[in-house]
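A.B. asks: If you want the building blocks of each chain, they are given just below.
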Amino acid sequence: MDAAIRKAKDSFGQIFDKNLHDLVRGIRNHKEHEAKYIAECIDEIKQELKQDNIAVKANAINKLCYLQMIGYDISWASFNIIEVMSSTKFTFKRIGYLAASQTFHEGTDVLMLTTNLIRKDLGSQSMYECGVAISGLACFLTPDLARDLVNEIMNLMTSNKPYIRKKAVLIMYKIFLKYPDALRPSFPRLKEKLDDPEPSVQAAAVNVICELARKNPKNYLSLAPIFFKLMSVSTNNWVLIKIIKLFGALTPLEPRLGKKLIEPLTNIINSTSAMSLLYECINTVLAVLVSISSGQPNHNSAIEVCLQKLRILIEDSDQNLKYLGLLAMSKILQTNPKSVQMHKDLIMQCLDDKDESIRLRSLDLLYGMVSKKNLMEIIKKLMMHMSKAEGTHYRDELLAKIIDICSQNNYQFVTNFEWYVSVLVELTRMEGTRHGKLLSSQMLDVAIRVETIRPFIVAQMSILIDNMHVFAITNSIPSKENKNYSDICEVLNAATWICGEFAANLQNPMKTLESMSKSKVTNLPGHIQSTFVQNIFKLYVHLIKKNSQDYDECKRLTDYLIDKMKIFEQNSDIEVQERACSFLQILKYVLKMLDSDPSGVENELWSLFEGELNPVAPKAQRKVPVPEGLDLDAWINDPPSDEEQNDLTSSQENHIFVKNEKFELKSYTSYGGNNSSDIKTSVSVGAKKIQPDISEEDLAKYKESRKIQIESNPFYIKQMKKSESNSLMSNNMSKATSYSESIRSQSIDLKIPISIPGVTSSDSYYRMSKIDDENKKLKKKMKSKAGKDSKKKKSKNDVEEDDEDEENIPVVKILANEMPDGVNNDSDDDKNKFKDPKDPHRALDIDLDEPLKDYERLPTSGYRPGILTDKPKKTNGLKEEPKKESNHKKEEKKKSKSKSKDAEKSEKKSRHKKSDKSVDLLVSNDTVNGHENEYNELLSPEHEIKTVITESKIKKQDQGDDLEFWLSGTKSEEKEEVKIEEKIEPKVEKKSKKSKKDETKDEKKKEKKSKSKGKNGHHDLKQAEIEDSKNIYKHVASNKHLNISCLMRPNHMNLNQLIIGLRLDNITTDDKLKNSEISSIELNLLNTSSLKLIREDKKSANDSIRIPFSLSNSSQNEIEYFFEVSDCTYGQILKGNFIYIIKSDLGTIQDKIDFKLKIPCSSFLIPTSCDNDEFSKWLSSGQLTSKYSIKCNISNYEDINSILGILTSNFHLTKIEIVDNTASIFASTMKHQPICILIKLLGNETLSMDGKSTSQSLIENILDELKTVISV
Amino acid sequence: MIKAILIFNNHGKPRLSKFYEHYSEDMQQQIIRETFQLVSKRDDNVCNFLEGGSLIGGSDYKIIYRHYATLYFVFCVDSSESELGILDLIQVFVETLDKCFENVCELDLIFHFDKVQYILQELCMGGMVLETNMNEIVLRIEEMNKLEKSEAGLGGSQSKAITAVKEMNISNITQKIKDIKLPELPNLGSIKLS
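Those sequence lines, one after another, are chains L and P. 1 is the number of the first residue of the first sequence in the UniProt record's numbering; add one for each residue after it. 1 is the number of the first residue of the second sequence in the UniProt record's numbering; add one for each residue after it.
Do not take every clue at face value.
[As the list claims (entries may be wrong)] No farther apart than 30 Å at their CA atoms in a straight line, the calculated lysine-lysine pairs in the BS3-like style are these:
| # | chain 1 | residue 1 | chain 2 | residue 2 |
| --- | --- | --- | --- | --- |
| 1 | L | LYS89 | P | LYS41 |
| 2 | P | LYS41 | L | LYS161 |
| 3 | L | LYS89 | P | LYS146 |
| 4 | L | LYS18 | P | LYS146 |
| 5 | P | LYS115 | L | LYS18 |
| 6 | L | LYS401 | L | LYS511 |
| 7 | L | LYS354 | P | LYS41 |
| 8 | L | LYS437 | L | LYS259 |
| 9 | L | LYS401 | P | LYS41 |
| 10 | L | LYS259 | L | LYS331 |
| 11 | P | LYS149 | L | LYS18 |
| 12 | L | LYS1156 | L | LYS1040 |
| 13 | L | LYS1152 | L | LYS1034 |
| 14 | L | LYS50 | P | LYS41 |
| 15 | L | LYS623 | L | LYS520 |
[To be verified] Calculated from the model, a selection of chain P residues having no Cβ within reach of chain L, i.e. all distances over 12 Å:
| # | residue |
| --- | --- |
| 16 | TYR20 |
| 17 | TYR23 |
| 18 | SER40 |
| 19 | GLU51 |
| 20 | TYR72 |
| 21 | VAL94 |
| 22 | ASP98 |
| 23 | LYS99 |
| 24 | PHE101 |
[Unchecked claim] Okay, the calculated bits of chain L under chain P, using three or more residues with CB under 8 Å as the criterion:
| # | segment |
| --- | --- |
| 25 | 58-66 |
| 26 | 276-285 |
Hints in this document: simulated from the structure, not taken from any laboratory. Note that CB positions come from ideal geometry on N, CA and C, so glycine has one too.
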């Protein structure tokens, strides 16, 4: 009964179930209880997913997709999604893949189940099924999927359907990101796709390469000629834009490329009607101009064209073009600020634009356009904007920009600092700004760097302090609820510090002191309060000094402050409390001194704040190098228990603070209040170093050393030579005071939101400067009138006048030693911005010009047994066959091309056979063979030849030559194109000549070489064994009867064992002994310190071993023995003898032969694979502590490759990298001791070898053995 | 690279979301909300570019959007894409929708959420532009629809009849909803699309 109902429900389920329409409509109809309704729907969906009917499931998944979009997590249905994906119907499959692409990601664990499903779909006959699979895969690719499916995608790249091709090409980028190893083997095919007849496929290929090149441009420089050609041929604007963007990324690396590009690009600029293309061309031309930089006069026309076009863009009514125009303009600004300045009017107009994006862009431009002359004007305009501007974001942006503009290049353009200070003060009146800190640090900076401005700025700051109440104190804490918070009270931080530090310039210090110690201060944030306390102290010291004769006054003052300090004494901020307490103690002490012995108090106090402060670069603290041998994390003493520690540190700190008070206080007076905490920690670190039972003497010593340290420390800069600036200061002082008086009278009628009497206005300065200008102009006119008769005189006057101007500009103090010693000023922090370790593009920084190596292949899809289904195998098999054929054809073609290649060809073929066989041995799967061929087909014909010869150096040069040639060419484009094509052929010839030479020279060598190549690869150990068995047995000993030779190799089955094969030849030549037979052979062997014979017969080591064969005349046989190896670092000598009986016509004779078998260190090396990364990891790991270098003469090798060939054929070495005349080699012993070797070919037929390993004797022995092989 | 493609209406209701980078569902909704807030407060006559929001992207990313009647089409792209090119791409997308749905309106997008996704799949793949030729996209979509129909066969006609009955109710709602109009691109001299 139940079953019947279920069946009925299954077949009619669709009718009763909701579909996507119903769901959406339902949600719209249940606006009130949307969440509840959806919860119900999800329950329904869960029920539907439990049914067997795939249609019902697909419908459910489709609904889930919609729910996912409106924010519901559907990851619980991942498995069901895969079920739907695996449906045979396209309709459902598509739904499944859509859901997967929306929800699956790298962390989805069920994704590992999909590999074969996707593989099947990729191989589907229906192109839409395949397409859907690729599209989906592009969204949820994982490294595993990428590795397992890259071969399938590679096949699809050559599909006959453009629809599939374009998708396959495009997804390659995603594959590279997830699986960087795929890049090199598949790149040649990707390159081919640049010439695809189908524009969309071509576009996809361009797209992929552009994305790759954007992050690692230098590897793609060699493609420039191809893209250049494409640029002149293509009519697809999408492709053109991409290519032009790509060139923009390449030109910084190769200025010559830029020069070549300018002409065609300007042509496009002048001819195209597509704005997008025009814009990108301008951008790239600008990039080119930046890269060429050094003013080439003939490119001025290009700049002009760009500017002209940009002006048209900016003037356009379309806001988009205006925006982009400004964006591009800012790029010109970097190189040709002058030419942009001509368009100042336009940019100022844009400042008034209603579009915020455009206003911000034009603000950027303003930054580069200011000069001494127009700074005031521009800033005035910006200030006006600010008062009008709506929205705090834009206003804050404006504020930051104003400060940016003025402070650029150390206030290069500020001529009147009083004006600038008044601008800053005015900016503090901005409501709701979040740049209080910026303003504050700017004020400090000006006060410290510009000595002449101090009297003025101090006066202004004291006014600010007097009017503390107007700063929105309550709104100063940033929190989520309080979105309108403002940190403008930060300026008080600067204000108090400036007043305290430069108290000498205060007109009425007592008044300032009073307003600083108002109880309102306690409403400020803690760090500002602590600055207040500290600077009250400074002011106090200043006043004491001033009134040093009037002890009563001093006493009164001290009493007053003791009273005032009490409000800070119990402050909630620990920093404030601490400072207040120590200040109070000092005050009380002073009071005592004043009572008993008042003379000299002021000097003692004064000494607390002696010395001048100098600016310190913001990065300085970070750049202080950690002294060598200092490990900040290491404990100096054993870590004490918690309680102890607390006690100790508190007592110590007190101790140090008393003794070192002077230093400590002095360091507090450092730049602003913000740094103080840093400095304090450094002091307390010092305290920790001192042992608890430290003696007075030690302390004195410590103090001494600290003094010395301080003296050599650039942060404690001593008195500077101030003579110059002093004189300047005195000059300007009188001026300044008169200025400020005049300002006061003027500023009354100004409109300031909440006006503070006495605060200056930048406007007045602006007006004044205008008047000044007018005056100057008048003067000039007068002068020019007066000096009309002689033009020379006039020009002279001009110069003088300019000089006058210069003199009025105050000196901005820029010190060379703002950074600590021993720090190079490179902005290395900024350089590494790309090197974000998470950036997947880092792994794609791969050299593509280097020829492919044997081991660089895409993982063949060796199906795991069991998972394998029949279908894909079939389709794969079908697919491979025609390809093999085409491959064959190709080879034939090549054969006819040049006969000289034939020799190589055959050799190559034999190599193929070998590798095929070996793979066959491993996996008896026909698909593997297919892929083997597949892989070879990937290589362009050029490539193949090169890999055979494996002369990457030459190849690289050739490629380089290509580019060189192309770049240096000055002839017309068409001619060049022909030449590029032609170039390929002569190259082939060159190669073949070379190979001929090689062959005739040393055929044996070549054989070895090809063998060694096999070893390098990922070929399995079995293959290595096969090759080893072909290795020659080496002679050990012989007498008139017997010749012994041996062959040693590591046992791959058990890496602790060495296999020694002994071969015995009966070489009896004596006529009398004809028909003799050597029999009853017994072997006696002595174990060495590290080699132990493994005996199966369980006899003791000293018993002789019977050889189970006898040798007739001139026959040979061999036997293998296994030795256990306990140490790989030394070579061994194995001693032993054979005892045998010769039976002949003459009777039987017993004889014996002694032998010594040298087992060199290198015989413990095992074949390993190692890539570049691993190699560098080893080198940088610090584990390779032993080093050894050696030099040897070489005369019979022409280049590094032949040397490497010899080495790798004789030893189990892995070639890592060859660069020019150096090569790196990796090897590993049976005990997994790594050996890294760098060989370098020096000029005069010498070869240097440097090795690193974990054991000294090992590396020495190995290198010595390498040497003997090479120099033989 | 395109990082995300969003469509939402004037009230910020999502109509389509495609993220080419993984975000949790909550994050996706936050991004949609933030983007809506950024975009919706801008006048129609200001430029269509925005420096990226705080949640999605960073300094290298831009939001490029277009506003059609009741819908915003938003692309979040990095600097390897051409700004004007993406604007044209949005136009291609909308025109394709218009062709596939015959006078597309917001309701089409609401009720055919899946179909819109399929169309988008033909336009962009894994964050990269796949096809810019509208006719090609339309052709592929039609062929896929045919394939779907052929699979549905007899059973399909049954279910089709049901949906037809169900859809009769919708017509009441649709009346009030404006069609999306396709304004001409102002002076863009748009890219040749083939």
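A.B. asks: Can you name, in rising order, the numbers of the hints this structure does not satisfy?
C.D. replies: Numbers 1, 2, 6, 8, 14, 15, 16, 17, 19 - these are the hints that the structure violates, sorted from lowest upward.
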